[in-house]
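Engineer: Going down the list, the sequences are from chains A and B. Mapping of the first sequence onto the UniProt record's numbering: position 287 corresponds to residue 287, and the numbering continues sequentially without gaps. Mapping of the second sequence onto the UniProt record's numbering: position 158 corresponds to residue 158, and the numbering continues sequentially without gaps.
Hint data in this document are derived by calculation from the structure and do not stem from the laboratory. Warning: the hint list may mix true and false statements.
Stated by the list, open to error - Far from chain A by the CB rule (all over 10 Å, computed), these chain B residues:
#1 44
#2 69
#3 72
#4 111
#5 183
#6 184
#7 188
#8 201
#9 237
#10 253
Said to hold, decoys possible - Sample of chain A residues at the chain B side, in silico, Cβ under 8 Å:
#11 77
#12 118
#13 181
#14 348
As the list claims (entries may be wrong) - For each label pair, taking beta carbons as the anchor points, the in silico distance ranges come out as:
#15 125(B) <-> 63(A): 37 to 47 Å
#16 60(B) <-> 139(A): 48 to 58 Å
#17 190(B) <-> 139(A): 21 to 31 Å
#18 197(A) <-> 190(B): 31 to 41 Å
#19 194(A) <-> 35(B): 49 to 59 Å
#20 23(A) <-> 14(B): 51 to 61 Å
#21 215(A) <-> 177(B): 28 to 38 Å
#22 8(A) <-> 131(B): 37 to 47 Å
None of the values given here were measured: they were computed from a predicted structure. All residues carry an ideal CB built from backbone N, CA and C; glycine is no exception.
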Amino acid sequence: MPPVLRATGLTKVFGPREQEALRLAGEGVGRDDVLRRTGCTLAVHDVGFAVERGELFVVMGLSGSGKSTLVRLLNRIVEPSAGTVEVDGQDLRALSDADLRNLRNERVSMVFQHFALLPHRSVRENAAYALKVRGVPAAEQRERADWALRTVGLLDRADARPDQLSGGMQQRVGLARALAADSDVLLMDEPFSALDPLIRRDMQDLLVQLQTELHKTIVFITHDLNEAMRLGDRILMLKDGRTVQLGTGPEIISAPADEYVADFTSDVDRTRVLTAGDLLREPRMTARLGQSTGEVLRTLGAAEANGVYVLDDGQRIAGVARDDLLARAVQEGRTAVGARELVADYATIAPDRPLVEFIHLVGKHAVPLGVVDGSGRLLGVVPRAAVLDALAAVPARREG
Amino acid sequence: MPHIPLGQWMSDFIDWLLAAVPWLFDAISTVMQTVVDGLTDALATPPPVVWIVVFTLLALVIRGWGLALYTVLAFLLVVSLELWVETMQTLSLVLVAAVIAAAIGVPIGILAARHRAVSVAVRPVLDSMQTTPVFVYLIPAVFFFGVGVVPGVVATILFAIPPGVRLTELGIRQVDREVVEAAQAFGARPGQILREVQLPLALPSIMAGVNQVIMLALSMVVTAGLLGAAGLGAVVVRAVTQLDVASGFESGLAVVLLAVFLDRLTAALGHPTALSRLLRVRTRRTPPSGGTAETPQRSEEPAQASA
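The whole structure should be built from the sequences, with the hints applied where relevant.
Structural biologist: In structure tokens:
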């Protein structure tokens, strides 16, 4: 399946000598030098990415990094100087004005940093805006708008005016306006940056919850790496209009592409970004039900470990065999590891859970924390050393 | 330094214009004369109390009790000064000039806000229109339209257009860029964006422009009196030529009373009062929704929470 949204070589120059600026930028001249030599601002240069259906794609950069321009290039509110944007394989630059308006109306919605609601219209009328532009009958407008407002928890304020609502509520209206349009693609330009931290957190939760229900394809702009890490399936790091790094949150944290990214990642709360899946390692040893008790005891001794996971035929954890119980079994002449040798001296976690949720379990038991899938199969373990590494490590520089 | 006959060229141009399209000026003259006369008749014929009641109600609805009270007292004073008819003649001249000036100025302002080239081209024209001494307008106005009320109205229009253009352009340019982008992002057409977003949000500024248009039109009344337009201007001119302090004071006062009335009324149009806002909110809330009967106290809560 083709990506829902694809940007290729996307470039935007603001200023009078566009062609010359493009040529210089193509030769690798920096943004400041382009400005000095042509008087043109190189807002975005040669950015390319593809967003899959249902993906939450984050573009992260500081102010002036070109991220606001980039998101406006994606629905051609800003005309690209070079490069293409495709929505479902349709090149936006090939569209007529009317077709472009239809595409914006039906397939790509946008949420704005400062909400951008119409102050003279009610909350419901704001939510229904795309439908009104589309020419949908009034009753259906109302129905869709009310559905969207209920989804964001604001239906009881449908008749209020935007200025009667708090900032967080206004952005919920902004979100409802985008949802009511029922488009696949959602462009969100720093939607939560203007909100208080607590409200921002609520809105992030709301977005995560909506995303699990609605599976929109989202491009989310932010300057907050914690937000990016929290929400993004993948993150594009933008600096001076150019892509610095593109990867998942843990990839960026563990291998920042350069000093700029490393600076950012040093501020990130790793316990919320890194998941059990990121930290898991191959267990040094496992035992099977029915294996020789003496053999398991010797392996444990050689590894200077106190316990080992015992797995059944389906790789599921049957229990933990501890050295003291194994020694007694050998003394008492039981040769095969069975139920009497097993204790429940272990804890498990699913691979997608963040470190903050399981850090207190690490190192508490005779065996390292087990990472298991939905059917209880052991995927790997998180030893204490792995956690300490991840938290303390000066991240390794990526090669190249 | 040789003399450049700029003045002669202008004079020749005016002569040529006059010879080329005399029917145009006749037509303009006839239409304006008819409109001003009709409006004056409507304002001055009924007993003063009729229009005083109407003005007072307008003041009450648009602005509130204070202006309503002022309106009653001010116009009663005008009646007692025996300047009612002249005041109504002036009012009709001002209204006609202001409506035409706004009808020309606001669209030009919209164009200037949307097209940079128009803005650049229009600005020096506006500058010269505002700074050219008023009496300079009068000379061609008399050539084209003779004496009487029409050249006065035309000169008044020329003088009053610039603030209408400027404040309209400014108002539209000041509309939050993100809100305009939002309309674009949801597929609105340029015309829709203008009607549904830019004009409503620029309305306070546009109304401030209309207010300025009316005030400037009023300030031209005396000048129009010089050309023989009936009204308070004519009274002032007579008082000046006869050095009649009493008459000059009374007619001057009537101009001020009218000016304050028009200013407060039109200034309030851009910013709805608490009363009219309340009325509007109520009518909007009640009919279709039915279920959402909210108390005013309730709706204030989130505003405080956000502060």
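Engineer: Looking back at the hints listed earlier, which ones does the structure fail to meet?
Structural biologist: Result: hints 5, 6, 7, 8, 14, 16 and 22 break, sorted rising.
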